[in-house]
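Student: Go ahead and model the full structure; you've got the sequences and the hints to work with.
For what it's worth, this note's numbering labels the leading residue of the first sequence as 1, then goes sequentially.
Don't read these hints as lab results, they were simulated from the structure. One thing to keep in mind: the hints can contain errors.
What the hints assert, rightly or not - Distance condition first, Cα-Cα at most 20 angstroms in a straight line; then the derived SDA-like pairs of lysine to any residue:
| no. | residue 1 | residue 2 |
| --- | --- | --- |
| 1 | Lys70 | Leu81 |
| 2 | Lys70 | Cys35 |
| 3 | Lys6 | Arg43 |
| 4 | Lys77 | Gly39 |
| 5 | Lys6 | Ala24 |
| 6 | Lys6 | Gln67 |
| 7 | Lys70 | Met44 |
| 8 | Lys70 | Val30 |
| 9 | Lys70 | Leu95 |
| 10 | Lys70 | Arg98 |
| 11 | Lys77 | His91 |
| 12 | Lys70 | Ser59 |
| 13 | Lys77 | Ala31 |
| 14 | Lys70 | Ala80 |
| 15 | Lys77 | Val103 |
| 16 | Lys6 | Ser62 |
| 17 | Lys77 | Ser62 |
| 18 | Lys77 | Gln67 |
| 19 | Lys6 | Lys77 |
| 20 | Lys70 | Ala58 |
| 21 | Lys6 | Arg36 |
| 22 | Lys77 | Gly64 |
| 23 | Lys77 | Thr105 |
| 24 | Lys70 | Ala48 |
| 25 | Lys77 | Ala19 |
| 26 | Lys77 | Ala58 |
| 27 | Lys77 | Gly18 |
| 28 | Lys6 | Met44 |
| 29 | Lys70 | Gly92 |
| 30 | Lys6 | Ala31 |
| 31 | Lys77 | His47 |
| 32 | Lys6 | Val30 |
Said to hold, decoys possible - Taking CB as the label site, the calculated pair distances span:
| no. | residue 1 | residue 2 | range |
| --- | --- | --- | --- |
| 33 | Ala24 | Gly92 | 10 to 20 angstroms |
| 34 | Ala31 | Met1 | 13 to 23 angstroms |
| 35 | Arg43 | Ala83 | 21 to 31 angstroms |
| 36 | Asp3 | Leu95 | 32 to 42 angstroms |
Glycine is no exception: its CB is placed at the ideal position from the N, C-alpha and C atoms.
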Amino acid sequence: MTDFQKRVYAALRAVPRGAVVTYAGLARMVACGSCRAVGQALRMNPHAPRVPCHRVIASDLSIGGYQGAKDGARVRKKLALLAAEGVHFAHGRLLDPRRVLVVPTR
DNA sequence: AGACCCGGACGCG
DNA sequence: CGCGTCCGGGTCT
Numbered sequence: 001m002t003d004f005q006k007r008v009y010a011a012l013r014a015v016p017r018g019a020v021v022t023y024a025g026l027a028r029m030v031a032c033g034s035c036r037a038v039g040q041a042l043r044m045n046p047h048a049p050r051v052p053c054h055r056v057i058a059s060d061l062s063i064g065g066y067q068g069a070k071d072g073a074r075v076r077k078k079l080a081l082l083a084a085e086g087v088h089f090a091h092g093r094l095l096d097p098r099r100v101l102v103v104p105t106r
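Tutor: Structure follows, in structure tokens:
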């Protein structure tokens with residue numbers, strides 16, 4: 001468990017149910033210049049439900065990846081979890097951009 | 001040191 | 001709008 005991951009998970013815990021954040025947003029929260037690094041940190045997903053890594057989507061409102069996959073059953077599961085929270089997707093895109101937690105640029 | 005990784009910005013068609 | 005391309009930071013080998 002690296003310090004970087006701790007920061008990412010901590011930031012992610014601040015995301016309320018029914019809302020989502022972008023990788024870029026999380027990257028800003030943890031003061032990381034690379035959103036990709038964030039995704040890589042989430043990839044392992046240590047403590048499953050506590051840290052809702054499924055509330056993290058891409059900046060273009062696409063679903064992004066899940067457990068190392070950009071599509072397939074994993075991603076469908078992610079969509080299902082989000083749907084259960086009231087966050088719905090269509091055509092691989094988030095329907096309500098308002099549900100995205102906006103992170104102010106530092 | 002090199003390769004890999006759940007993205008992002010930018011340019012082009 | 002949908003590619004294709006380069007870029008970046010962090011971690012693993």
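Student: If a hint holds in the structure, say so; if it doesn't, say that too.
Tutor: Cross-check of the supplied hints:
no.	hint	result
1	Lys70 <-> Leu81	16 angstroms, holds
2	Lys70 <-> Cys35	16 angstroms, holds
3	Lys6 <-> Arg43	13 angstroms, holds
4	Lys77 <-> Gly39	17 angstroms, holds
5	Lys6 <-> Ala24	17 angstroms, holds
6	Lys6 <-> Gln67	18 angstroms, holds
7	Lys70 <-> Met44	15 angstroms, holds
8	Lys70 <-> Val30	23 angstroms, violated
9	Lys70 <-> Leu95	19 angstroms, holds
10	Lys70 <-> Arg98	23 angstroms, violated
11	Lys77 <-> His91	16 angstroms, holds
12	Lys70 <-> Ser59	15 angstroms, holds
13	Lys77 <-> Ala31	29 angstroms, violated
14	Lys70 <-> Ala80	15 angstroms, holds
15	Lys77 <-> Val103	26 angstroms, violated
16	Lys6 <-> Ser62	25 angstroms, violated
17	Lys77 <-> Ser62	15 angstroms, holds
18	Lys77 <-> Gln67	10 angstroms, holds
19	Lys6 <-> Lys77	24 angstroms, violated
20	Lys70 <-> Ala58	11 angstroms, holds
21	Lys6 <-> Arg36	16 angstroms, holds
22	Lys77 <-> Gly64	12 angstroms, holds
23	Lys77 <-> Thr105	31 angstroms, violated
24	Lys70 <-> Ala48	18 angstroms, holds
25	Lys77 <-> Ala19	17 angstroms, holds
26	Lys77 <-> Ala58	16 angstroms, holds
27	Lys77 <-> Gly18	16 angstroms, holds
28	Lys6 <-> Met44	13 angstroms, holds
29	Lys70 <-> Gly92	11 angstroms, holds
30	Lys6 <-> Ala31	13 angstroms, holds
31	Lys77 <-> His47	17 angstroms, holds
32	Lys6 <-> Val30	10 angstroms, holds
33	Ala24 <-> Gly92: 10 to 20 angstroms	18 angstroms, holds
34	Ala31 <-> Met1: 13 to 23 angstroms	19 angstroms, holds
35	Arg43 <-> Ala83: 21 to 31 angstroms	22 angstroms, holds
36	Asp3 <-> Leu95: 32 to 42 angstroms	36 angstroms, holds
Hints 8, 10, 13, 15, 16, 19 and 23, counting from the list given before, are not met by this structure.
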